[in-house]
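Grab the two chains, each in its own frame, and use the hints to assemble them into the complex.
Each protein sequence line maps, in turn, to chains A and B.
Going left to right, the first sequence walks through residues 1 to 482 as UniProt numbering numbers them.
Going left to right, the second sequence walks through residues 1 to 497 as UniProt numbering numbers them.
Calculated from the structure, these hints are not laboratory results.
Certain hints may be false.
[What the hints assert, rightly or not] Simulated DEER-style distance windows between Cβ atoms: (1) Gln-98/B - Val-14/A: 37 to 45 Å; (2) Leu-321/B - Val-14/A: 17 to 25 Å; (3) Asp-370/A - Leu-321/B: 19 to 27 Å; (4) Val-14/A - Ser-103/B: 41 to 49 Å; (5) Asn-35/A - Gln-98/B: 22 to 30 Å; (6) Thr-278/B - Pro-315/A: 52 to 60 Å; (7) Ala-36/A - Val-154/B: 24 to 32 Å.
[Stated by the list, open to error] Quick partial rundown of chain A residues pointing at chain B, CB under 10 Å, derived from the structure: (8) Leu-5; (9) Met-16; (10) Leu-34; (11) Asn-40; (12) Arg-42; (13) Thr-43; (14) Gly-96; (15) Arg-367.
Since this is a predicted model, take the numbers as computed values, not measurements.
Note that beta-carbon positions come from the ideal geometry of N, C-alpha and C, so glycine has one too.
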Amino acid sequence: MNAALRRLSLVAFVMMLSLMVAATYIHVFAAPDLNADNRNVRTIYREYGNSRGPIIVDGESVALSTPSDDAFGYQREYPQGPLYAPVTGFYSIVFGRSAIEYTQNSVLNGTADSLFISRLEALVTGEQPRGSSVEVTISAAAQQAAWDALGDQRGAVVALDPKTGAVLAMVSKPSYDPNDLAAHDTSLVNDEYQRLLADDDSPLINRATTNRYPPGSTFKLLVAAAALESGAYDADTVIPAPDQLPLPQSSSIMGNFGGATCAPDEEMTLADALRISCNTAFGQLGMDVGADALRSTAQAFGFGTSVEIPLKTTPSVFPGELDVPQTALASIGQFDVAATPLQMALVGSAIANDGVQMSPYLVDTVRTADLDVVSQTEPSELARPISATTANTLTDMMVGVVTGGSGSAAQIRGVDVAGKTGTAQTTTDAPPHAWFVGFAPADDPEVVVAVIVENGGNLGAEATGGAVAAPIARAVMQAVIS
Amino acid sequence: MATVQPGEVRRGRGRELILLVLAVVLGLGAYASVSLAVEESLPADFYAHSGVLVLLAVVLHLLVRYFAPYADPVILPVAVALNGVGLAMIHRLDLAAQAAGRSSELATKQLVITAVGVAAAAFLLAFLRDHRTLRRFTYTAMVVGLGLVLLPLVPGLGNEIRGARIWIGVGDYSLQPAEFAKLALAVFFAGYLVTNRDTLAMAGPKVLGIQLPRLRDFGPILVVWAACLAILVLERDLGTSLLFFGLFVAMLYVATERVSWIVIGLTLFAGGAALAATQFGHVAARFEVWLNAMDPAIYERSPGGSSQLVKGLFGMASGGLFGTGWGQGHPQLVPFASSDFITASLGEELGLTGLLAILLCYLVLVERGFRVAIGVRDGFGKLLASGLAFVLAWQVFVVVGGITRVIPLTGLTMPFLAYGGSSLLANWLIVALLLRISDSARRPTPLPLRGGPLVPTTPEDDDEPDDAVAHHGPVPSPEHEPGQEQVTEIIRQEGRA
Chain A
1 MNAALRRLSL
11 VAFVMMLSLM
21 VAATYIHVFA
31 APDLNADNRN
41 VRTIYREYGN
51 SRGPIIVDGE
61 SVALSTPSDD
71 AFGYQREYPQ
81 GPLYAPVTGF
91 YSIVFGRSAI
101 EYTQNSVLNG
111 TADSLFISRL
121 EALVTGEQPR
131 GSSVEVTISA
141 AAQQAAWDAL
151 GDQRGAVVAL
161 DPKTGAVLAM
171 VSKPSYDPND
181 LAAHDTSLVN
191 DEYQRLLADD
201 DSPLINRATT
211 NRYPPGSTFK
221 LLVAAAALES
231 GAYDADTVIP
241 APDQLPLPQS
251 SSIMGNFGGA
261 TCAPDEEMTL
271 ADALRISCNT
281 AFGQLGMDVG
291 ADALRSTAQA
301 FGFGTSVEIP
311 LKTTPSVFPG
321 ELDVPQTALA
331 SIGQFDVAAT
341 PLQMALVGSA
351 IANDGVQMSP
361 YLVDTVRTAD
371 LDVVSQTEPS
381 ELARPISATT
391 ANTLTDMMVG
401 VVTGGSGSAA
411 QIRGVDVAGK
421 TGTAQTTTDA
431 PPHAWFVGFA
441 PADDPEVVVA
451 VIVENGGNLG
461 AEATGGAVAA
471 PIARAVMQAV
481 IS
Chain B
1 MATVQPGEVR
11 RGRGRELILL
21 VLAVVLGLGA
31 YASVSLAVEE
41 SLPADFYAHS
51 GVLVLLAVVL
61 HLLVRYFAPY
71 ADPVILPVAV
81 ALNGVGLAMI
91 HRLDLAAQAA
101 GRSSELATKQ
111 LVITAVGVAA
121 AAFLLAFLRD
131 HRTLRRFTYT
141 AMVVGLGLVL
151 LPLVPGLGNE
161 IRGARIWIGV
171 GDYSLQPAEF
181 AKLALAVFFA
191 GYLVTNRDTL
201 AMAGPKVLGI
211 QLPRLRDFGP
221 ILVVWAACLA
231 ILVLERDLGT
241 SLLFFGLFVA
251 MLYVATERVS
261 WIVIGLTLFA
271 GGAALAATQF
281 GHVAARFEVW
291 LNAMDPAIYE
301 RSPGGSSQLV
311 KGLFGMASGG
321 LFGTGWGQGH
331 PQLVPFASSD
341 FITASLGEEL
351 GLTGLLAILL
361 CYLVLVERGF
371 RVAIGVRDGF
381 GKLLASGLAF
391 VLAWQVFVVV
401 GGITRVIPLT
411 GLTMPFLAYG
421 GSSLLANWLI
431 VALLLRISDS
441 ARRPTPLPLR
451 GGPLVPTTPE
461 DDDEPDDAVA
471 HHGPVPSPEH
481 EPGQEQVTEI
491 IRQEGRA
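Chain B extracted, bound-state conformation (with noise of 0.2 Å):
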């Protein structure tokens, strides 16, 4: 039963301020300390860089204020940290890469990203008033979401990076379209199974105790398999593959509430990635390293050794509890060590305390991502902020799973911290959408003054009211209506009775 409490109708923007200043502080003073610690100084762009940061944390503030004021106070605080945390790390491998005689200025790079980051950011804030506007969207995302994964494909304009061909060159960047395809894929999904979801959950069989599905609602899973299968294959990119799948069957699962689909995603899912694993090489090779990580043979193996899971093993190790502190370790002692194994260089300088510590932010990002999906009243909403808080957790325990050998190593990103435009925008995106969500999950409904009970409930299941609004109906003003602070005071008031 989805209640709002009345403590949360507080807007929690001067909370949000204060955890800015803090996520603020953190990303700058990180970014002071390596350069502190490897030159004896404050870095050259220390006021710009602090300049440019402190702006995004401020207008990002202003926009979340006067375009989604009951935003939840806790996802932007966060996200900024991450981010200057990042940014703070990959300045450090900077440095190292400057000690060793290459030019990087990768931290410029990434500052700029962040900054067009934030820029979409507000900018989805601003124009997209409603989420369930994108609703109306569901098949375009879906196209969208398709095009953008086979992109890669295209002969000229995908690039194969290290076996996996999950690039696209634009000009002198980089691209990773299965990035942005996340998010439109989660549209898609969220559009798809809220119409959908009543035929899906329809009982079917019943095998070793699992109620199944009917089996002419199997259709959909199948087309989602077969693509990701197909992304396995063709692009050669199991991490990609695992990140949608898993999406999928999530959101497939909110959806029904049918354990079986997880039962039946899972067993597709292994089924295929030991039929990959079987018949082709590189596949092999990844479950053959993590298994296996420390056999020498397998550590001099080129292409396709451990070394690189093994070097990474040894730096977090030498983090041990406390870390070596920001600048005096050897991260970059790890190929891609400001990329994928950027959480690697971080266990390394901040040890088991630092690396917990980031992990609990992304925990508290994820789990405040669930709140909204409850918290909010149409299912599409519900589907489509569950899918990105999901997609965010899952695409964070599939990197760092990787890199600690809980599971295979893939070639996904770390969100908000690795040095990568494509995922960097796409999950200023993701906390842009939340932000919104999390609006119209927070913002006082009038509705239970009709009549109803004055403490204001919730329908759990029933969405239709608001679908209906979302096809039809004019999108709702997110101004403030003429009698909203009175409303607000009566369900406090009445919350403390």
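The shape of chain A in the complex, shown without the other chains (with noise of 0.2 Å):
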């Protein structure tokens, strides 16, 4: 009997086996794809169970994990709500994350490859491993100033850093508050969504980075880069401007804002037309310098490509076919042409860092929860759209936007502000988008900012961009210089 024992202990020995591989490809193989099945609320739990990194705006946490008395030992809590809404992102345990929340989880939550050594020492010294805490570029006075000067009003600000590309400001209205979204009752997180969602005003929309709007005449800069750019102008080369331009191939007429008249002699200096943001000298300029050349600097400013700063953008839009009439529209910023203001800000800091577009960055540092930095977003150069004599022209006819022209109301008192306005209709009932494109200080920027205020704001139909925008954006340039 004892050769058929020996045999069936082998049996015994091989059922074991099997039960260890079964084990060990559950527990390492199959584990990654288990771990991230949506039907596994451990994950959930497990982070929750974490203290997850705070995300940090001068000093001051926007978002934090307090410990919470429920199952999951941690409630995230956004201080200021919705001011940083755009930038915090929400953390749900229903709906997942979004924003900062989304693009840094991994460091937040402290899973990062690069936090590896940081989870073996609290694997060694016992301690609850903890998140690392991210620091955003964001200025709390930029973003306070942006916030405040926005009101009621639905748009969004963006300002950057020129030198260095850094995301000083993102606002959006109408802005939602996460911690509405990141409270643990489920059932009132998902009434709360569902109301986010039906809102006619998309309050979970981040304006800034994501609705694409037609740029009006802030478009008229890139006109005016394209010209320079071509070598055949000059700030003070002498343009047609005349009262009405009737478009080529079309029975369609193109008249002048309030249908008022840009020069007596009906033509002007090119630096004169972006001043009173002539649209009849920017629509027979465009056509002048010709869709294809139009094209190909709104693709070296950025259109038509997607940044991540880490947040997702959506790529601003310049056709890719248009005929004579429509490169006029084009070159005002009407037709198919479409921007992000995290676009037009872009548009303006490459003028402003003399014709160095530096990418946009929303974080800055990463730091353990023993304060040892992990990581530091080192500025980089994101594209050379035009030459420094382009951007040093282009920055002097802005400033004459504001000194004497249509963005008078970006003023500031004892500093050299240079800026674009914009005013761009959408339909023909609906009021017109408000738009302001500016930095300051001109000879030595230290923020670039780019306002949309949607449907005119406050003013409705009676609405421009130098009189609804342009105090927004200087409100933001001041907060930032001051």
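In structure tokens, the structure reads:
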């Protein structure tokens, strides 16, 4: 019987071995898939069970985890709620994460590969593993100024440091309170989320990075840049500025804002045309420069590409095929041209920074709970859409816009401000969108800002970029400079 | 060729004590860690709990010293360690239930049952002085075994829980008679097979290169097969059915050494299971869950969906290599986390490392059981010990295999670890029987001194003299016979020479 016994004991051994193999498979090889399965609530429990790192603006937490008495262990809190919602995003047990909470999740919850050493330390010292903190580039003063200046109007503000690309302010209105979505009562969270989704004003959308608007007259900066880069124009080149511009190949006639006359003798310098934002002059200039030159300039400034800051952004659009009248309309930022506020800020930052466009970024420093730096963003160049000469010429022309043109509401005492207004038609009945793109101080820019106020904001049909958007930009620039 | 190695005549009681201390420390350390992690203080009943566990271990150790001095020194500590770890996990799940506002005192109940189990084991050890005595009860064991299996079918007595009719209600308690039937049937199979093994081993026709037994000897296996299918159909329990059939086929193989019996057994069972899978919805559902556990439709299905199985997998996956640590996972998310799915709970909190350690403990226990079977001299003892060792391995395989998707999930419980009185009690009785048989296996025999070679040998297949003793002769006294130390000494010296 002993031979049979030995074989049977071998069978028992193989049975146990197969269990060990199966257990190893589940614990190690199948684990990533199982942990990522959306039916697995443990992953969320475990994340909440660890202290998630804070998101920090100017030394203060705008998102932080505090111990809670329920099964999750920690409650995510947003002390300033809606103000920073486009930056922090939300962290929900039901609907997942968004914005920085989403893109920086692995460092915030401490599972990132870069945190391996600190996890190992925690294992050895027996400490509870804690997530890392994420310091963002936002300036609290600029963010607050943009929030206050925008008031209860629908719109967005993006401010960048043109020398580094650091995002100084990112406001989108109307906003939402991420605290409501981070609550642990799933039915309340669900109700709130459904309400936000159903809201016609789309408060969950980050207008600064994901909504595209017709750029209106702010697009004239690109037309002027294309003209200057062609070598055939400079600031003082006299260009035609008719009262009315009949568009070739069509019966349409382009007029100026409010039917006004740009110049008595129907011609003016390029600088003056930009200063008073003359539509007919830029319609003609765009046709003269040509659709292809406009398109390549727009693409050089970043139209058609999406940047990650690390939030995903919507690429701006310059149409692929344009006939001559469409080119004229595109030159004043109408027809199918569409840009995000971030894109227009990037246009401004290239002009402000001698033609060098820096990559925009939102995450400055990642630190472990022990304040060791894990990573710090090094500013990097994104593109060089225009030469330094063109940039300086444009800067001078934009200063003219603010000192004696459509953008006078952006003036700051003692500081040269460069800017460009825009008043973009949407549909025939809706009030126009009010734009402003500008930077200050003009000779050594510290901040570039793009503002959009949807449908004229408080002024409605009477609105212009100069009246509605320029004062908001002024408030943000002043907050950064002072 | 079975030989008793000279080294093995060391009784090993000292080693057993050291291992027991380790086992008790492991169990109590786990018990304390759970409360320290969850409540940040020692459990309220820590000293009472520790006292009981230490007392049980000490009592068993002393009883073994007195009644089975040559017993295998590893079996008892492994059982104590597994029981202790199981108690800690049940306590941990109690705390989770209490945190959720439900009263749950399963750990205390399990400790009481442990005490009862240990008492039963002690009783068996003290009063069953020779395992061969059991051979006299071969057919009594059959009647008892079959009776226990059929008990849940008695109207008014049997309870149907979660679709399976394998429980009986006695007052406030539920019992799983199948756990005890396992013991009775092992005794019956051992007694029956040791008598009939020669007949069963007779060669019959040869088919496809396999030497089949004689057709007329198919009777017993067909009876057991039919009984197991009846369990599957009437009690709707794939696990118990699988357990008994596996036990029978394994013991049949040991008795006859004929692979053909295994082939026949597997074919019959596979055929029966396939038939059941096509004919009965609940069996088909189990197979579907096994094969397509992650399918959302099967996951959502209720009853009979895969959500429990998949939640167990989620738990184990979240444990990773080293686990979340005692009290820091979420094993309570899996239904029946303290009984059917305690392996998944342990996998989550102790990780792969802990789970493999636990499986190794079972492997050690099982292999020690087989070692006992090889060492013991009588055929009945060999069959009984191997049957008990195999049924333990088989049950672990069926349970953990079900949880890890090696085989379809069944309703069996993990020996020693899982919450459940019947299983714990029955497994402590298995430990007592293995200790008893191992005492006999390791006890130095004076036989070789009668003119034979001085190195003691055991005739491999010729068990008749021992059987004769079991049937007709007096039961040998476990007390030391005069001169035994001397014999031991001689054997040792010869062994070294």
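Exercise. If any of the earlier hints don't hold here, list their numbers in rising order.
Key: 7, 14, 15
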